[in-house]
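Colleague: For the sequence shown, this note's numbering begins at 934 and goes up steadily by one.
Calculated from the structure, these hints are not laboratory results. Model, not experiment: these values are computed from the prediction. Don't be surprised by glycine CBs; every beta carbon is placed ideally from N, CA and C. A portion of the hints provided could be inaccurate.
Restraint ranges, calculated between C-beta atoms of paired labels, are given here [what the hints assert, rightly or not]:
no.: 1; residue 1: M1042; residue 2: V947; range: 22 to 30 Å
no.: 2; residue 1: T948; residue 2: Y1046; range: 39 to 47 Å
no.: 3; residue 1: I1005; residue 2: M1042; range: 32 to 40 Å
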Amino acid sequence: KIFSRWKMGWFDHVTESEVDQPMGAALMVRREVVDKIGLFDESFGIFFNDVDYCRRVIEAGYKNLYYPEAVIEHFVGGSTRKRKARMILESHRAMFKYFEKYNKSVWGMPILYFWGMVLFISAFIRAGCNKLTRS
């Protein structure tokens, strides 16, 4: 239940609805939005650039909509499968960068750096386990 909002287990895949962030591989963006907020922040690399972009869309006063009639074929892991351990590290780095970008308060920084250490350790454990299981 703690992560139910993030995992969206409750999500109705039949009804059009407003969402915080649809999957980045399936975004269709109006030109006026791109003109107003720009393109993806390339400093994120392959991970979290879509999360950041959708947040910027909302902050600019637009909505992110889920449209069930659209059909998108996405090869999950197609870009990351061959370098899984590196991609685990990269995803954790991007997650930290995202939280760092949006948590600039004095009170948020100690928490941010604590979670940064947790993410760093988690990334190395996950990457190491992945390497061991592939060997």
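Colleague: For every hint, state whether the structure bears it out.
Modeller: Structure-based check of each hint:
1. In this structure the hint that M1042 and V947 lie 22 to 30 Å apart at CB is violated, the actual value being about 42 Å.
2. Between T948 and Y1046 the beta carbons are some 40 Å apart, a value that agrees with the proposed interval 39 to 47 Å.
3. For I1005 and M1042, the hinted distance range of 32 to 40 Å is satisfied, since their beta carbons lie about 38 Å from each other.
The structure fails hint 1 only (numbered hints given earlier).
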